[in-house]
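Trainee: Counting in our numbering, the sequence shown runs from 12 upward without gaps.
No lab work stands behind these hints, which were simulated from the structure alone.
Think of the CB as a built atom: it goes at the ideal place given N, C-alpha and C, for glycine as much as any other residue.
Treat the hints loosely; a few may be bogus.
Straight-line alpha carbon distances no greater than 20 angstroms define the calculated SDA-like cross-link-like pairs of lysine to any residue that follow [claimed, not checked]: (1) Lys-169 - Gly-182; (2) Lys-189 - Lys-36; (3) Lys-169 - Gly-139; (4) Lys-169 - Gly-179; (5) Lys-189 - Asp-175.
Ranges of calculated distance between the beta carbons of each label pair, as one might list FRET restraints [said to hold, decoys possible]: (6) Lys-36 - Asp-150: 20 to 26 angstroms; (7) Tyr-105 - Ser-46: 16 to 22 angstroms; (8) His-129 - Gly-93: 18 to 24 angstroms.
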Amino acid sequence: MVGIIFIFTTDYTLRRGQKSGPTIKRDDKPLQQGSYFIVTAGPFTINREPWLIRGSTLPTPPLTTEFVNTIRNRDRRCVVTGTPVGDINMRRGYWRGFQVTHIFPLAHEEYWAAGYGHLISNPPVSIGSPQNGILLRSDIRSNFESYAFSINPDDNYKIVFFQDDNYGIAGTHITNLKTFLADPQRPLDQLLQWHYRQAVLVNVRGKGSHFLIVISLEIRMSLAEIWG
Numbered sequence: 012m013v014g015i016i017f018i019f020t021t022d023y024t025l026r027r028g029q030k031s032g033p034t035i036k037r038d039d040k041p042l043q044q045g046s047y048f049i050v051t052a053g054p055f056t057i058n059r060e061p062w063l064i065r066g067s068t069l070p071t072p073p074l075t076t077e078f079v080n081t082i083r084n085r086d087r088r089c090v091v092t093g094t095p096v097g098d099i100n101m102r103r104g105y106w107r108g109f110q111v112t113h114i115f116p117l118a119h120e121e122y123w124a125a126g127y128g129h130l131i132s133n134p135p136v137s138i139g140s141p142q143n144g145i146l147l148r149s150d151i152r153s154n155f156e157s158y159a160f161s162i163n164p165d166d167n168y169k170i171v172f173f174q175d176d177n178y179g180i181a182g183t184h185i186t187n188l189k190t191f192l193a194d195p196q197r198p199l200d201q202l203l204q205w206h207y208r209q210a211v212l213v214n215v216r217g218k219g220s221h222f223l224i225v226i227s228l229e230i231r232m233s234l235a236e237i238w239g
């Protein structure tokens, strides 16, 4: 996660509390609130990569029927909570409480075309591919779309919350993972990685001045110098 917020020219070590504090094992888990030191032998900068806003204020094309139906039939449950739609409900076409959403937002198709469209392996080869969508419970869909939580495919598809988890699923993993991974139409890892990266940039970089203190080249930098 630190490697997303900062751009390093050499390797680094993260320590808690003070320069001589315990070294934090490098992994993809969210940092706990507190003071940290980053010790590195070379210069580094804050990653200024922009994050893509998504929301009701942006003009967004409607979901196509094919896109929605394909993902409903593929997932048949909320991917992150495991809540099933139910066979009877599916046969009746009753999907209340479940909604399909894009991983990479439709409102930013120009960015998609520049760097992600070529990744789609199954037709349709477009931002409307089922490989760019998941089925979620209606009550948590907006949290995914606003980057309040994300799925980290590099940590066994762990559910990572960056804000309060009111659902008790933080730290769990995508349900029925074996079946999920075996499906050739499943969401692409690269798109889940993109969403996770966006969530870090939105929630951690934006709040970093509240809990990060950095040492570089054995010199303590002020928060103003670091965060501007």
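Trainee: Looking back at the numbered hints, which does the structure fail to meet, lowest number first?
Mentor: Violated hints: 2, 3, 5, 6, 7, 8; rest satisfied.
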